[in-house]
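A.B. asks: Produce the complete structure using the sequences and hints provided.
There are 2 protein chains.
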Amino acid sequence: MNEGKMTVLGAGLSGALLSTLLAQKGYQVQLFEKRSDPRTFGLEEGRSINLALSYRGWSALEQAGLREKVRDQAIAMRGRMMHNATGELSFQPYGTKEQAIYSVSRLGLSQLLVEEAEKAGAELFFQHRCEEIYLNRGEALIHNLKNKTDTLAQPNLLIGADGAYSTLRTAMQKTPRYNYSQSYIEHGYKELSIPAKDGDFAIEPNALHIWPRGGYMLIALPNADKSFTCTLFLAYEGKESFAELNSPTDVNRLFESQFPDALAVMPQLTEEFFQNPTSDLVTIKCFPWSRYGKNVLIGDAAHAIVPFYGQGMNAGFEDCRIFMELLAEHNHDYAKMVEQFQELRKPDADAVAELALQNFIEMRDLVADREFLERKKMEAELHRRFPERWIPLYTMVTFTNIRYSEALRIGQLQDCIMGKVMKHYNYASELTDQDYERIVALLDDE
Amino acid sequence: MNEGKMTVLGAGLSGALLSTLLAQKGYQVQLFEKRSDPRTFGLEEGRSINLALSYRGWSALEQAGLREKVRDQAIAMRGRMMHNATGELSFQPYGTKEQAIYSVSRLGLSQLLVEEAEKAGAELFFQHRCEEIYLNRGEALIHNLKNKTDTLAQPNLLIGADGAYSTLRTAMQKTPRYNYSQSYIEHGYKELSIPAKDGDFAIEPNALHIWPRGGYMLIALPNADKSFTCTLFLAYEGKESFAELNSPTDVNRLFESQFPDALAVMPQLTEEFFQNPTSDLVTIKCFPWSRYGKNVLIGDAAHAIVPFYGQGMNAGFEDCRIFMELLAEHNHDYAKMVEQFQELRKPDADAVAELALQNFIEMRDLVADREFLERKKMEAELHRRFPERWIPLYTMVTFTNIRYSEALRIGQLQDCIMGKVMKHYNYASELTDQDYERIVALLDDE
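Taken in sequence, the protein lines are chains A and B. Reading the first sequence from the start, the letters are residues 143 to 588 in my numbering. Reading the second sequence from the start, the letters are residues 143 to 588 in my numbering.
No lab work stands behind these hints: they were computed from the structure. The model shown is predicted, which means the values in this text are computed figures rather than measured ones. Heads up, some of the hints might be wrong.
Identical chains blur together in the list; that is why a pair holds if it fits in one copy or across any two.
[What the hints assert, rightly or not] For lysine to any residue, the following SDA-like pairs were computed, each having C-alpha atoms within a straight-line distance of at most 25 Å:
hint, residue 1, residue 2
1, 427, 306
2, 565, 475
3, 427, 321
4, 167, 427
5, 288, 580
C.D. replies: Quick look at the structure:
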């Protein structure tokens, strides 16, 4: 039994998982959330509907004993299904046959985690908004939106899991010499859908579908109800942008020419296009993540990233896993624990932010590039021959718990080596056993 | 005669110069400043007392016909005077004999520019604070701090020259997808002084004095009254930091061991050290600099930088020069003009921010390094032989109007070439005529 009192702000995915983990270890947890309970009300408008869960996320869920329960809701996606402009398909596996990423419903996962937090003993307060933060005391003034009363939360540690527009971080931003950046890409996104067809999936369910078109792209992830949620990523302004799509005719014209096979299975396209919001894509960085050792940021509050590597939720869950490990190590010395947490996680948060931005280029552009595909084949073969020595970047990020910062560093090294290889070879089929030996040996030279 | 109405927020150096330039061209200018008139009151506490004016600054002053008047207040600094820990001196010229940077008093220059703005016909309002910005209309609500009345400024263009903590930028930061970053270095600074000695300068007046000590440094710039203003740059925390200097004994001990020759001419050191504030060093980046074409940021409001290249004021003045050029070009199409202004200046603002951060390393560390000095000699010789083809980075930044972004790019190229040269040669004296020919030819290869 643990005597520590923890206040968690935000019952999003990271906040609910961390509350579960803390309550399971015997901490007294109070979880405050300004929205309504997701178990009775639905999803907030404009938030993405499904997410890709990968190794880092599973590791943290495992720690909470939730792997099986979440697995029951999840659909395996074993690779990318590429759609070209004439509707031709090509499948690129993510890794070995056993390796997959999993499409999960944000709402379903949110409901499950909130339920588990409560079962583990956390006290949940929905429709409670944090009004004021007293940083140096680690306290928060909480306003009950239902009966309009205020309470003062006075925990041993105040945890801000309150998302990209975090109240706790906003309070920190007012302290001296606070480092902060918010950086938007030129693209926005809009969610659309492919409904089930004759009671079944309209397209292959065990894949993440991509329609890469250079400056923009469409993707689709499967849902348990046999529909797909599609996301259109498109620039806000300029040629081929949301600004150019002002009528159903404009939208249909774009889909007819660029996504004809998707259009064929999207009967509600134009209605959805004009009903659903267009959302921003932001990278938020800040430091420190704690002031006075009495509080700490985790998840999007500390490091919001763009969604192109499918790592936003996974990075937040990894925060929770590492948070619990450090907590066990430092026992009740919270100030020391949060200092170690931010020192350890900040380089990884910066790395995954960078990786996520890079992967947009890869997804919308390179995945359709012949040279890129041959390079992928060579790297897959290198990994098959030297499973410990050459792990492709995507594999490191998605199918291991290797630190993001380490994955980024090794990935840059591999990139440099493969750049040289691609000057000499056009096709993976040209490479001999000796070539592969030589390539992997280059890792040691650098 | 020009019909345009311009409202300038902030009568700092850039705001006052731009107001002068605009009024000279016949624009109706209203300049609002929350502080008191610098001609009757003095300088705000904690702001640096003197500044280094270089080519870009002079170009803008020239445009306003103010070169001679400012020259009368300025003291030429023809190079760096390096002080080692035993008080030995070595002089490194900045360029040719004619090339110098100029120490000017911030207060003196501020008074002169405010006076010139008024003479040129600008209406000046001191102790008037901007309370509210209406971005889409380009309007500002101004509060008179003396008689507590409000007025609404309704110009054709609202110009935010209101510094690193700009009110106009704060309003922009609340608009969708606004890119913003504030990044502090670990060092702070404190101003100290070397008074005149027997009615004369206590140390060489025509130089910028540097006491480089690796992790920290002291510098001194001459003043017209034969004193020097010194600035101590030191980390806030850790070993050798402001946090470690808690008593006159601590301060004296540091100066005795590290700056003995400075200590000998600083009779008020310990009093000043504990009286004067310690100030932060921040880099602020943002984009766009205008919303709805009705307003625009210039100077520190758009791009606050660290002071290590002496380019903060110069970059602000260059903004003013380019602003006036674009205004002439676009006549009354302010929306187009501010769009061009931000497109043109943003890469240069980012570049000078980067250059300023890099130069801290150079000033506090490399200037005392043998290899670095030999490299400087080689580059000076390259410039002498090929004055158009090889212009050292410091020269491009300080003694030309070459775009900062271009200077940074060429500087990186030169850095790469000199890195290779320094692998083969230890001393400038080893290089032959042919070597110099070969080195400069490398510029074309890249």
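A.B. asks: Determine for every hint whether it applies to the structure shown.
C.D. replies: To see whether the hints hold, each was checked on the structure:
no., hint, verdict
1, 427 <-> 306, "both (10 Å within a copy, 20 Å between copies)"
2, 565 <-> 475, "neither (54 Å within a copy, 50 Å between copies)"
3, 427 <-> 321, "both (8 Å within a copy, 12 Å between copies)"
4, 167 <-> 427, "neither (30 Å within a copy, 43 Å between copies)"
5, 288 <-> 580, "neither (67 Å within a copy, 78 Å between copies)"
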